[in-house]
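Working from the sequences, and respecting the hints, build out all of it.
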Amino acid sequence: MLNLFRTFFNIHDLRKKILFTIAIVFIFRVGVHIPVMGVDTTKLQALFGQGNLFNFLDLFTGGALMKFSIFAMGIVPYINASIIFQLLTVVIPQLEELQKEGDSGRKKIAQMTRYLAVTLSAFQAFGMAFWLRGVVQEGIPFPLFLITCVATLAAGSTLVMWFGELITERGIGNGASILIFIGIVSRLPANVAQTVTLVRGGANIIGVVFLLISFLLMIAAIIIIQEGQRKIQVQYAKRVVGRKMYGGGSTFIPLRINQGGVIPIIFASSVLIFPATIAQFAPIPILQNIAGFLSPGKTWYMLFFFALVFFFTYFYTAITFNPSELAENIKKYGGFVSGIRPGKPTAEFFEYTISRLTLVGALFLGIVAVVPTIVEGITRITSFQGFGSTALLIVVGVALDLVRQIETHLVTRQYEGLLA
129 MLNLFRTFFN IHDLRKKILF TIAIVFIFRV GVHIPVMGVD TTKLQALFGQ
179 GNLFNFLDLF TGGALMKFSI FAMGIVPYIN ASIIFQLLTV VIPQLEELQK
229 EGDSGRKKIA QMTRYLAVTL SAFQAFGMAF WLRGVVQEGI PFPLFLITCV
279 ATLAAGSTLV MWFGELITER GIGNGASILI FIGIVSRLPA NVAQTVTLVR
329 GGANIIGVVF LLISFLLMIA AIIIIQEGQR KIQVQYAKRV VGRKMYGGGS
379 TFIPLRINQG GVIPIIFASS VLIFPATIAQ FAPIPILQNI AGFLSPGKTW
429 YMLFFFALVF FFTYFYTAIT FNPSELAENI KKYGGFVSGI RPGKPTAEFF
479 EYTISRLTLV GALFLGIVAV VPTIVEGITR ITSFQGFGST ALLIVVGVAL
529 DLVRQIETHL VTRQYEGLLA
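Here the sequence shown is numbered in this note's numbering, starting from 129 and rising by one per residue.
Keep in mind the hints are simulated off the structure, nothing from the lab. None of the hints are false.
Taking lysine to any residue and the SDA-like style, the derived pairs with C-alpha atoms no more than 20 Å apart in a straight line are: (1) Lys359 - Asn450; (2) Lys426 - Ile414; (3) Lys228 - Phe213; (4) Lys145 - Ala527; (5) Lys472 - Glu453; (6) Lys459 - Ser378; (7) Lys235 - Thr448; (8) Lys359 - Leu485; (9) Lys228 - Ile447; (10) Lys359 - Lys459; (11) Lys144 - Phe154; (12) Lys359 - Thr379; (13) Lys359 - Arg469; (14) Lys359 - Ala475; (15) Lys359 - Phe380; (16) Lys426 - Thr501; (17) Lys236 - Trp290; (18) Lys235 - Leu294; (19) Lys472 - Arg484.
As the structure is a computational prediction, the values presented were derived from the model and not from experiment.
Printed below as a string of structure tokens:
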């Protein structure tokens, strides 16, 4: 282990990325503990204790929501903005063309996503401030609280979005996923302590053991599916250029079972909690009914969660994986898939293969999304409430992604990899 850490810090680029990521995460965690001014914390905790939705929302903010800190909205507005633009890219031809322009087009879409994220954060901050008017400290006029609260929360959410982009560009891993990952892991000690307290208080020990075994089995299953892939063999014909012969041989193209990683479940969770969040802020009967239907643990919640995860797995795979482009690149360099003609037949083969793999991945993610809720209902152990499938998939998925990125850095510099 010591040799492994020594290897990390011997590689200047990797060391720089890791230290930069740690620094940003540290600043983020400090901000989680800085409260918004003017809120009565006693009344706030009583209000948040009324429903399970807040436990679920708090999952994406790393505890910032329950503390009502400056980062109370976390990265959620940015994720929602990303979902909206990815959906619009499919619907609006101009955005689709912009995305095909390469880096310049993607940068323009990223800039528009940021503007939308800031707008969403301002609207959401206004809703939260208006909803929390009953917990304002005595002596503070509500208009003053409204202005300061909206400005603080919107600025905090924008700052978290910037943190995520900084980690993606200059750190290691996907910034948004890393921040959510850190927030989830920070809740673990409290969850474990609560479980220990339940056991000491006479809770069903068999239920606790069953819960822990279920978690371990799910982690193992997630790793197997996340790392599962089908290798497509590609043959390259020899080419003669002048007096030299190039090419020849074969290689493999790995097609992953879960091409989208943890992104589908993050998107599904964000979409699912968005209407419920609005319903909490607006005292409209129909919205309150929606909030009740979509409360974590309810049957409708599990059905919608499964359907959304299934949809976003296919949707994200369709966006990130282009069979025609892959087939064209293989053909350009003189390659071909064994038994398949180059060009359109190869693209159709890739499309057929990835659709079958994605079906397995989507079904798996959908099942994993609802199993923890079912297990929690059977065991009646609620100390890990809000930590279910979403948290497990994000934690395991992000951890695997980090290992892969570090592995790439090590292998490209001829070091022994983490998985060697």
